[in-house]
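So the sequences go chain by chain: A and B.
Just so we're aligned, residue -13 is where the first sequence starts under our numbering, counting upward by one.
Just so we're aligned, residue 603 is where the second sequence starts under our numbering, counting upward by one.
These aren't lab readings, by the way, just hints derived from the structure by calculation.
Source: prediction; values computed, not measured.
There may be inaccurate statements among the hints.
As the list claims (entries may be wrong) - If you want the ones that stay clear, here's a sample from chain A, every Cβ over 12 Å from chain B, calculated:
(1) Leu541
(2) His624
(3) Glu663
What the hints assert, rightly or not - Straight line, CA to CA, 30 Å or less: simulated BS3-like cross-link-like pairs of lysine-lysine:
(4) A:Lys300 x B:Lys658
(5) B:Lys733 x A:Lys208
(6) A:Lys299 x B:Lys726
(7) A:Lys296 x B:Lys739
(8) B:Lys703 x A:Lys208
(9) B:Lys726 x A:Lys206
(10) A:Lys691 x A:Lys735
(11) B:Lys703 x A:Lys164
(12) A:Lys299 x B:Lys658
(13) B:Lys739 x A:Lys299
(14) A:Lys208 x B:Lys726
(15) B:Lys703 x A:Lys133
(16) A:Lys519 x A:Lys477
(17) A:Lys300 x B:Lys703
(18) A:Lys635 x A:Lys519
(19) A:Lys667 x A:Lys615
(20) B:Lys703 x A:Lys206
(21) A:Lys162 x B:Lys703
(22) A:Lys300 x A:Lys330
(23) A:Lys300 x B:Lys726
(24) B:Lys742 x B:Lys726
Backbone N, C-alpha and C fix where the C-beta goes; we use that ideal spot for every residue, glycine too.
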Amino acid sequence: MSKDRAERRKRKRELILIIGLALLVIGVTYQMLHLPQLSTQVPVGSNILLFGIININLILLVLLIFLVVRNLVKLLFERRRRVLGTRLRTKLVVAFISLSLIPTMLLFLTAVIFITRSVENWFNVQVERSLQGSLEVAQTYYRDVAKNTIHYSNEVSRLVSRVTGEQKVQALLERKRKEYNLAWIGILSRQGKVVVEAADASLAYVVGGLPQDSVQEILKGKEVSKITPYLDGGEIIWGGSPLYTSKRATNDYVSGFFSGDLGGNIGATSPSKEEKIVGGVVVVGYYVPQSLVAKMEDISQAFVDYRHSKILKKPLTTNYLIILLLITLVIIFSATWFGFRLAKELTVPIMELAEGTRRVASGDLDFHIGIESKDEIGTLVSAFNTMTHDLKTSKGQVEEGTKALQRSNIELERRRRYMETVLANVAAGVISFDKQGIVTTVNKSAERMLDLNAEDIVGENYRKIMQPGYRKVARELIKEINTTRSESIQKQMEITLEDKVFTVLASVNILRDERGAYLGMVVVFDDLTHLIKMQRLSAWREVARRIAHEIKNPLTPIQLSAQRIYKKYRSKIGRDAGVFEECTNTIIHQVTELKNLVNEFSNFARMPAVTPTPNDLNEIINSSLVLFKEAHRDIRFHFLPDPDLPIFKVDRDQMKRVFINILDNAVAAVDGDGVIEIEVKYDPSLKMVTLEVRDNGCGIPDEDKPKLFEPYFSTKKAGTGLGLAIVNAIISDHNGYVRVRDNQPKGTKFIIDLPLGT
Amino acid sequence: MIAKRLVVGIVVLLCAVVFPLCPAQGEEAAIEGFRLERVGGDVSISFSITHCFSQKMEEAITAGFPTTFNFFVKFYKRRLIKDKKIAARRFRHTIVYDNLKDTFLIWLEETGREFEVQDLEEAKRYMQRVKELSVTKGEKLEKGTYELAIKAELDPVKLPLRLESILFFVSLWDFETDWYYHIERVEP
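With the rest of the complex left out, here is chain B (with noise of 0.2 Å):
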């Protein structure tokens, strides 16, 4: 009996320490302001993130740590039995604090642009915001209903020490989307 005892005040406490390593994490990041343009085969969306910046990350950013997004859009024709995928993009959006001079160096993976910036708020807009993104270009869609899939994340924090490999070490922050969906019906 007290053998049994043991063994589930074992696991408990183990459980207690493996389990809070899941990051707490305030206000949902979410992707809004979605805007699907489809002109003949081409397709190209705008978007942005919510709630994705929290103070801790700021404060991290302003403390010199790269910070990285990371996006995912999926574009799929939905079939009976198996999806057809369509295209696939992934792409980041990076940020850098250069405190020497003052400036947040910005790199937007999809458009290619570095950028420097002088103020955070307009580094953040320019983070969480994807503008025109072509998704497809010169192809004929063909008629049915297709799927567009959107995700963004915070790229792992990379630790001095290499920490982020111990086991115990709690992340400090984080952030993660739902994948959002939009469906599209392409009429003949």
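Extracted from the complex, chain A is given alone in its bound form (with noise of 0.2 Å):
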């Protein structure tokens, strides 16, 4: 926006300043047409041609002194704001105007003073005083002919006044004209007529000596001279004298002579003697030749032009030097603006190109620099756009291939977190290694499976990471695959993770590319122990139930057929009766006690299901200790309730169970004197509530721990092994989990988690 208004302002600026020397011809115009010395002495044509020369040189040498400043001050400013190329130009500028500048110089200040000296030279002392000597011997020859001319015009009049008879003063006037080397010598009548003459015969047209108004001159009494052109040239010298004469004295000869001329008794005697009067006029005439005529006169017009010159000596001078200024500064600029020129030419594509570059630089491969030349610059410029398309076409194919591997990238993201949502969510543990045994992927399942940490193990070796016992399998496994060549392989395992001890069954697969190179292996793990514990516990509680039916059934016949007999035969047996009474009552104690086994049996096979109802836990433990701490008051019972533990659904009954359960082990592990200590915790984030019942007792051996929730598993000898496997199956049904630890410093915890959601 900035950028448009700078323009318009420009370009503003620049009308203005074209209307300006517009006026400013005009004005010259005017006022060279007003100059007097051009109005008349040339055509108006020619004048208006001149003008327009001059002008046209004027507007130039002004355009150029405005441009060249302009771009003088133009570069000042951008150097002073460290515009780009500005240091080239100023470099550029500086040389030419010094390569124009000092030569220039030299030659106007050479050319200043030749001017000077040889105008000088023209006008020195010697040549003028040559001229002007020259000239007045000219003027002087002029002077001294006509003196003479008038001498001689005198002295004739004076002897033909002496002389009577026209044939006597014909012969005086040949005879003078010869002596005095004249042309002419005439004497004319008051009225101006020629009376006598004699004439030059080489000279055919002397005639009229001097004109009208010079005679009259002459019959006033003076004397006259006159110088007439010839017409080959030349030129005749007239002098004129009054001839006079006198009334009273008397000549015959004269008087006769000119009777008829001069109308009156003109003497011929001295003039002195009587009243005089002017008779006539005699005229003499001294020719002149052409050739001397024609130096002479070249002599004056050497002198006319050297004082000409001389008068024009000064303005001459300036309008030389003046001329000579103009064309060093018309150089010198033209020069400059050559400089401009050319720097820019080198500048402005230079600066495109930095331009260019930046411009590409950030992106933008559309730039195109449009300048055109056929030099180095212009193959520059050329191989610039040439390289921008170039860049363009690739960028264009980049980005197409980046968009196809933008699109394959966001796919296989896509299938992979897909791959990673299903192996995350799969209940089954998944490792997988590369050809190397890296340990490339393990799922969540399997962290949880197998108590990893992913990041620790992804990117290691197996062998480095597993246990020896493990290694040892491991390598059992792929050797198995080895040696059958099979590309899968299965195996069921027991896996003990501290003092937890969980069924898997491995599924070790090969990973083959579509080419089937080998890639690695995939271990899959599916937990068993839980379902292996079902399984268990259904298997036992098929066998509880088989037992109890088949041997709950004959257990009363038994025990009514030993009362029976001995009821019938107690009396009859005299002397064997003690005997007997114990042989039948061992029998009857012993079925009562089969009895109850069976019934225990019995009770674990059809245990009920669960019926869970809002119950306050805390309140079950505590009436579940009660009886404990009654019959046990040797033991001290400790019972850490959490008041936060919100009522939840729970069985009460079974629950009851389990807590009399576990203390029955507990009482039977402290055996007398020792301490049981049951602890509630609520966690409200989980909504888990953890229960630990903690004796000081004799402990569980560690090999005896995964055994200890299975059915028919004791280590007392009473035990009927049924009592930890009716806790883990109620705990099951409440969707918890029983574990035992050992206590520290001794004995055991049996620590229970319990879902508040269920």
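With the hints as a guide, bring both chains together as one complex.
In structure tokens, the structure reads:
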């Protein structure tokens, strides 16, 4: 926006400048048209042409000065602003100015000195003296000849007055003409008519002599000299004197000779004797040849020219100097302007290239330098434009490829995420290895199952991170795969992690790409612990149910039969009655024991379904604990309830049974004097209740711990091995989890986790 | 700002170069001694120019420059809308010095006379004086107001090498009188 405004301002300024220049030109033309020197001396057409040329020159000079100065100022400002390219432009302009200024100024000064000296030489004193002398010679010649002609005319006038008779006068005139080397001698009447004459025969047209006004002057008594041109280019210098006569003096010859013309007695006697009157005019003419006249005119013209030039000496010199100065200025400014042009031709493409490079670097590949030149700069610009075009094309291809790649990546990412989601959500643990045995993938189930942190093992070799026992198993598996040349193998195994043992089904699969190349392996772990546990539980329940069914049925007849035998045959057996009674009682007692055992099995087999109702777990525990406190006063029971535990749904009877069973075990473990602690903790964030039953009894060996919750496993002599199995079954039915740990420093602790959400 | 000052500077410089071309003048030349004689339709005038010869001009004349005075005479009848031109005359007085013979050749165009004089002052008198110039002859002047305008100027001096054609040449001498007006009323 601001750029456009600046451009408009610039155009306005230029318009004003152009108008100003035009007005100036008009003014100058008007001024020149009114120069008096030009208005009439040369034709109008020439004047206009001359004015045009001068004005155009002037305009060009003004424009040149303006442009050069403007550019210099602009360059100065741009240099201050450190605009790119100004340094090179400055160097070039300075170089051109220097290259032009020094020789031009030298030439100018030389020319000034030369012109000044030349002009001075033209007008030196010697020349002027010579010309003046020559002119004076010519002037003296004319003056002398004029004087001579007057003298001759006077002489002739005097002699004529003394002779009488036409012939004598004629002879006198002829003689004097020859004597004085005159072209013509004549006597003119008062009317100006030639009375007698003697002329040089070689000069055919010497007539007339003095003009009439000169004759009149002579008749008034004056002596007159006159110069008239002659036909051949020469001149006749006339001299006239009055011819005096007396009225009283008589001279027959003279009076007779002149009587007809002069109309009176014109005496030829001496004028001094009596009153004299001018009776006629004696005119003599001296012929100056053309060659001499021409030479004298040359002398005259030379002197005139010299005087002309002398008058014009100063303006001439000034004029030459001004013209010389103008030419010098034109050369200097032209050179400067050329420097600017050259610098512009160099710097503008360079600036454009710099700008283009910047734009290309910033990613604008549409930048095109519109400078057309056939030199190396043009080649550079063309190469740059080609480069940007190629870059643009390549960028387009790259962008297309990138887009395709991005699409592919997105798809891959989507698939990867899907796979990760699948892997994360799949119940089976998955661990993959590459062909070097480096762990590449561990899913969440594997982390949870194997109690691992994926970040710790991904990127590590399995040989390094695996425990020696499992490493051996792994080697055997790999060996088996290699031996059987199968692509997969499955193996059920038990894994012990700390105090936890679980059964997994490990599926080892060989990974190959589409070309069959070996990529590594993937191991899928299916946790079978719970399944096996359930299967065992179910089997045990079935066994218990069958045992109960098969054993319980004959027990009652056995017991009844034993009681009948005792009643019927007690009195009949005399001496061995004691033995008999003891035996029958033993049968009856053992059957009763057996019945109890069978009932236990039967109860285990026929565990009722959980019916959770809102209950206070603290209260359930407390009510269960009361019985034990009463029965075992020697044992210290500590109950630590959690007051924040809310009421939640739980099967009261079954849960009570759980605590009774656990407390039974604890009481059995402490064997008299001991401490049993029950602690309840509630985690609101997890909504989980954790119960811990700790005793300081004899503890449980590690090898027994995995089997502890299995049916018919007991470390007690009188135990049925069903108590903890029932606990486990009830807790599992409540979606909880029960585990056994060693109590520190002594004893055992059972930990039950129960979710509130069930 | 600097560019503006620059332009102003250039214009001033140009004016300084161009306008000094106007010749420097001393005392202004003028028409004086006007006299009009009217006999019927014949109108003749006499006048002379004063302060028309400067020292430089005299030097130029004696140096051989042919010098010519141009005279312009216009005679109009004044009218309401446009004046009517009765007569217009233009003539010249020329003086050339012959240094060889030390004479001044005078040519008065209005009379056709060509003559020589020895003295410069006499030659100057001939040059600046117009005597009994016939403006109209034999015309019947109607009743009304007439205007006579007279002007004289120096014919441009012809210089060697056509220097006068060059812009930077400064004229050495020059004169030009203002128009001299004379109103003449013609009664029936």
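Here's how the hints hold up against the structure:
no.	hint	verdict
1	Leu541	holds (128 Å)
2	His624	holds (100 Å)
3	Glu663	holds (99 Å)
4	A:Lys300 x B:Lys658	holds (14 Å)
5	B:Lys733 x A:Lys208	holds (28 Å)
6	A:Lys299 x B:Lys726	holds (26 Å)
7	A:Lys296 x B:Lys739	violated (47 Å)
8	B:Lys703 x A:Lys208	holds (20 Å)
9	B:Lys726 x A:Lys206	holds (26 Å)
10	A:Lys691 x A:Lys735	holds (12 Å)
11	B:Lys703 x A:Lys164	holds (26 Å)
12	A:Lys299 x B:Lys658	holds (14 Å)
13	B:Lys739 x A:Lys299	violated (49 Å)
14	A:Lys208 x B:Lys726	holds (25 Å)
15	B:Lys703 x A:Lys133	holds (13 Å)
16	A:Lys519 x A:Lys477	holds (18 Å)
17	A:Lys300 x B:Lys703	holds (29 Å)
18	A:Lys635 x A:Lys519	holds (25 Å)
19	A:Lys667 x A:Lys615	holds (22 Å)
20	B:Lys703 x A:Lys206	holds (24 Å)
21	A:Lys162 x B:Lys703	holds (26 Å)
22	A:Lys300 x A:Lys330	violated (43 Å)
23	A:Lys300 x B:Lys726	holds (27 Å)
24	B:Lys742 x B:Lys726	violated (36 Å)
Checked against the numbered hints given earlier, this structure breaks hints 7, 13, 22, 24; the rest are met.
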